[in-house]
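Using our numbering, the letters of the sequence shown correspond one by one to residues 586 to 903.
Since the hints were derived computationally from the structure, they do not count as laboratory data. One thing to keep in mind: the hints can contain errors.
25 angstroms max Cα-Cα, derived SDA-like pairs, lysine to any residue [as the list claims (entries may be wrong)]:
no.	residue 1	residue 2
1	K694	E743
2	K763	K702
3	K763	G842
4	K716	G842
5	K817	E743
6	K694	M734
7	K702	T785
From a predicted model like this one, the values you see are computed outputs, not experimental measurements.
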Amino acid sequence: MSDLMTIGNMVINGDNLDNVFQVNGTKQKLRELLAPDQRNSRQMLDCLVRKSTVARRFTCHPEETVSVEMEVLVMALLMVGACYGQNNDQATIMEWDASLMPDPYTNPKACGRYENKPAYVCDPNNLLPAKGADILDWLAEGTYLNDTMCPCSDWRCESTDAKPYGTIINVALVKKIKRPEGQDPTSENLLNAARQFTYTLTNERWNKGVCNNNIVIMYSAEDETLFTMAGKTSAQRLNNDVITEITNHHMRHFKNGRDLTAGLYSLIVDYRNVLRGEYQSWREFDKSQRPIGGGNVPVASVATFLSLAIAFVLSFRF
């Protein structure tokens, strides 16, 4: 089927038909796809009929094979790309370049989200369960519309061409980031690729804010790489040191894709708290829980002894 998709895409992209028909078994692949004894042939034929009146020239009876004429073949290839490839054309990409990433706001379906409903999460390879993506979209939308203030200048926040909403947090998940062929997958190379990928989304492809008030979280499954980049305005609060601290704290969720939903949810919540001025550093929190001085342990022992003594006395009173 992937070969047939390749053929269909060649036609859709305007390749010379001579090149298309030189692909081994073009006609035979189409015949096999539409043959009556094939499991998915009826669904595909129905789709072709819906897509084009030309496709009605196909005959498909139980005792017959499909008759394919040259002009019908061309139309069929176009329609196969539309029928079989709808919402799967992006999913067939395993190594992603940032320039190919769909926009979850303008093309949510290509991002694995609901059609005609702008989203904040783009997951074309379906790494997240549907419910997990729903939760993250809900959280990111709430962060933008309700939970964070407009971080731009007063003039920009009050201007008529901008809604006084807060910070936009987008999530990009891919199977793998495309790197130069033959490049060694060292930690440095993977990190640089993730940085460039996220930079392109943050500052060019997905920059929907009015004053660089956006954040992009990127996760690549096969590269096991997690990277966050904040736009210039967002970075005034969410700087690299804070991003690194928060990422390290939640990295356990991303090891071998253990629980991506929980990991991304935790990142967004902590980033939101940073933007709201409510974030408590995990390092500072850990310090506040540590005993101070050598007298802490005896005090704890004395406190425990007193509580036992009180309980003992109370047992006699009642």
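Inset, instruction - Could you grab the alpha-carbon distance between K694 and E743 and see if it respects the 25 angstroms cut-off? - result: violated (33 angstroms)
Inset, instruction - Quickly compare the C-alpha distance for K694 and M734 to 25 angstroms and report which way the hint goes. - result: Distance of about 29 angstroms is beyond 25 angstroms: violated.
Inset, instruction - Compare the distance between the alpha carbons of K763 and G842 with 25 angstroms, and conclude whether the hinted pair is satisfied. - result: holds (19 angstroms)
Inset, instruction - Take the C-alpha atoms of K702 and T785, compute the straight-line distance between them, and say whether it is at most 25 angstroms. - result: OK: K702 and T785 at ~24 angstroms, within 25 angstroms.
Legend entry - K817 paired with E743 [C-alpha distance capped at 25 angstroms]: holds (20 angstroms)
Inset, instruction - With a cut-off of 25 angstroms on the C-alpha distance, tell me whether K763 and K702 pass. - result: With a Cα-Cα distance of about 28 angstroms, the restraint between K763 and K702 is violated, given a limit of 25 angstroms.
Inset, instruction - Verify the proposed pairing of K716 with G842, using a straight-line Cα cut of 25 angstroms. - result: Holds, because 16 angstroms separates the two Cα atoms, which is no more than 25 angstroms.
The structure fails to meet hints 1, 2, 6 from the earlier list, while all remaining hints are met.
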